[in-house]
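**Q** Residue numbers for the sequence shown follow the working numbering, so the first one is 1256 and each next one is one higher.
Don't read these hints as lab results, they were simulated from the structure. Take these hints with a grain of salt, some might be off.
[Claimed, not checked] In the SDA-like style, the derived pairs of lysine to any residue whose C-alpha atoms are separated by at most 25 Å in a straight line are:
| no. | residue 1 | residue 2 |
| --- | --- | --- |
| 1 | K1441 | N1351 |
| 2 | K1441 | T1412 |
| 3 | K1441 | G1425 |
| 4 | K1441 | C1457 |
| 5 | K1441 | R1389 |
| 6 | K1441 | E1404 |
| 7 | K1441 | L1337 |
| 8 | K1441 | T1407 |
| 9 | K1441 | V1345 |
| 10 | K1441 | D1359 |
| 11 | K1441 | C1414 |
| 12 | K1441 | H1424 |
| 13 | K1441 | S1403 |
| 14 | K1441 | E1390 |
| 15 | K1441 | G1355 |
| 16 | K1441 | L1339 |
| 17 | K1441 | D1382 |
| 18 | K1441 | S1451 |
| 19 | K1441 | P1458 |
| 20 | K1441 | T1405 |
| 21 | K1441 | E1399 |
| 22 | K1441 | S1336 |
| 23 | K1441 | S1454 |
[Stated by the list, open to error] Okay, the calculated beta carbon distance ranges per label pair:
| no. | residue 1 | residue 2 | range |
| --- | --- | --- | --- |
| 24 | T1440 | G1383 | 16 to 24 Å |
| 25 | G1371 | G1438 | 25 to 33 Å |
| 26 | S1346 | Q1450 | 29 to 37 Å |
| 27 | T1401 | E1448 | 22 to 30 Å |
| 28 | S1456 | Q1422 | 29 to 37 Å |
| 29 | E1390 | T1352 | 32 to 40 Å |
| 30 | G1353 | T1423 | 34 to 42 Å |
| 31 | T1401 | G1355 | 25 to 33 Å |
| 32 | G1371 | E1410 | 18 to 26 Å |
| 33 | G1353 | Q1398 | 20 to 28 Å |
| 34 | S1454 | G1353 | 29 to 37 Å |
Idealized CB from N, CA, C, for every residue including glycine.
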Amino acid sequence: MFDSDSYGDAPSRRRFLLTLGSAGMLTLAGCSDAQPAAEANTSSNGTGDADETSETSGTDDATETSEAASATNEETAGEDSLDLREANVVSVAVENTGDGYRFDVTLYHDDDGEDGYANWWQIENRDGEQLGRRELLHAHGTQEFTRSETITLPEETTCVVVRGHDQTHGYGGQAMLVNVETGATKAVTQGSERQSLASESCP
């Protein structure tokens, strides 16, 4: 014998259990989906940090490039402002050789466009007294050129003046103060005439 009421309720119990099972599976599926989402957020943050680092590095590189370009532009602008009719001294290197000082002097002058050329450079003390000279025997075109000479200086000399000279305009243009102990230099713009540098500080 069987209870008809119990038999009639069996399908209802099965439906109820199936419903509970489906709900549980949905809940588990939801938990499973949540974990990748969290991982995705972590990955996004990592990429963001990398981008920020890259952007900062790019800014630093751009700043360094800008500063280098600025320095180059300033140097070029300085040379462009020189009057090439004059024998301009643009660079001096000095070395104590034991028996004197070796001067490597670079001049910049328009030897092509002038009747005369840059025919010497000389070393003076700050009062204008000549201490030595390097003769130049021919023109060198409109370009920078370097010539060297070893010159004996009076004892206790620490600062000298280097001037260029051309056959037409004499000693005008840019001269250079040189500290023979440290090698430091200081360019001085004279204009078209020779100027006294006695009051100029040594570099």
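**Q** Now look at each hint and say whether the structure bears it out.
**A** Hints, one by one, checked against the model:
Taken as a hint, the K1441 and N1351 pair is honoured in the structure, with Cα atoms around 19 Å apart against an allowance of 25 Å. For the suggested pair K1441 and T1412, the alpha carbons sit about 17 Å apart, so the restraint of at most 25 Å is met. Our distance criterion of 25 Å between C-alpha atoms is met by K1441 and G1425, whose separation comes to about 21 Å. The straight-line distance between the Cα atoms of K1441 and C1457 is roughly 8 Å, inside the 25 Å bound, and the hint therefore holds.
For the given pair, K1441 sits about 20 Å from R1389 by alpha-carbon distance, which is consistent with the 25 Å threshold. For the suggested pair K1441 and E1404, the alpha carbons sit about 20 Å apart, so the restraint of at most 25 Å is met. Among the hinted pairs, K1441 with L1337 is consistent with the structure: their alpha-carbon atoms are about 15 Å apart, no more than 25 Å. Distance hint between K1441 and T1407 is fulfilled; the C-alpha atoms sit about 21 Å from each other, no more than 25 Å.
At most 25 Å may separate the alpha-carbon atoms for a hinted pair to count; K1441 and V1345 meet this at roughly 10 Å. Taking the CA atoms of K1441 and D1359, the gap is near 15 Å; set against the 25 Å cutoff, the hint holds. For the hint pairing K1441 with C1414, the CA-to-CA distance comes to about 11 Å; that is within 25 Å, so the pair holds. Of the supplied pair hints, the one linking K1441 and H1424 holds, its CA atoms being roughly 22 Å apart against a limit of 25 Å.
In summary, the hint linking K1441 to S1403 is supported, as the alpha carbons are separated by about 19 Å, within the 25 Å threshold. At most 25 Å may separate the alpha-carbon atoms for a hinted pair to count; K1441 and E1390 meet this at roughly 23 Å. A distance of roughly 21 Å separates the Cα atoms of K1441 and G1355; the hinted pair therefore holds under the 25 Å criterion. Between K1441 and L1339, the direct Cα distance comes to roughly 19 Å. Compliance with the 25 Å bound is thereby established for this hinted pair.
Of the supplied pair hints, the one linking K1441 and D1382 holds, its CA atoms being roughly 16 Å apart against a limit of 25 Å. Under the criterion of a C-alpha separation no larger than 25 Å, the hint pairing K1441 with S1451 is consistent with the structure, at around 15 Å. For the hint linking K1441 to P1458, the alpha-carbon distance of about 6 Å falls within 25 Å, and the restraint holds. Annotation: proposed proximity of K1441 to T1405 holds, straight-line Cα distance about 20 Å (limit 25 Å).
For the given pair, K1441 sits about 18 Å from E1399 by alpha-carbon distance, which is consistent with the 25 Å threshold. Proposed proximity of K1441 and S1336 is supported: the alpha carbons are some 16 Å apart, at most 25 Å. Among the hinted pairs, K1441 with S1454 is consistent with the structure: their alpha-carbon atoms are about 13 Å apart, no more than 25 Å. Range check, T1440 to G1383: Cβ separation about 18 Å, and the 16 to 24 Å hint holds.
Against the hinted window of 25 to 33 Å, the Cβ-Cβ separation of G1371 and G1438 comes to about 31 Å, which satisfies the hint. Roughly 20 Å separates the CB atoms of S1346 and Q1450, a value that falls outside the hinted 29 to 37 Å. In this structure, T1401 and E1448 meet the distance hint of 22 to 30 Å, their C-beta atoms being roughly 25 Å apart. Restraint check, S1456 to Q1422: a C-beta distance of roughly 32 Å satisfies the suggested window 29 to 37 Å.
In this structure, E1390 and T1352 break the distance hint of 32 to 40 Å, their C-beta atoms being roughly 20 Å apart. Under the hint 34 to 42 Å, the C-beta atoms of G1353 and T1423, about 38 Å apart, fit the expected range. For the pair T1401 and G1355, the beta carbons lie near 18 Å from each other, so the given range of 25 to 33 Å is not met. With their beta carbons about 36 Å apart, G1371 and E1410 fall outside the hinted range of 18 to 26 Å.
A beta carbon spacing of about 33 Å between G1353 and Q1398 contradicts the range 20 to 28 Å that was offered as a hint. Checked against the hint of 29 to 37 Å, the C-beta distance between S1454 and G1353 comes to roughly 32 Å, which is consistent with it.
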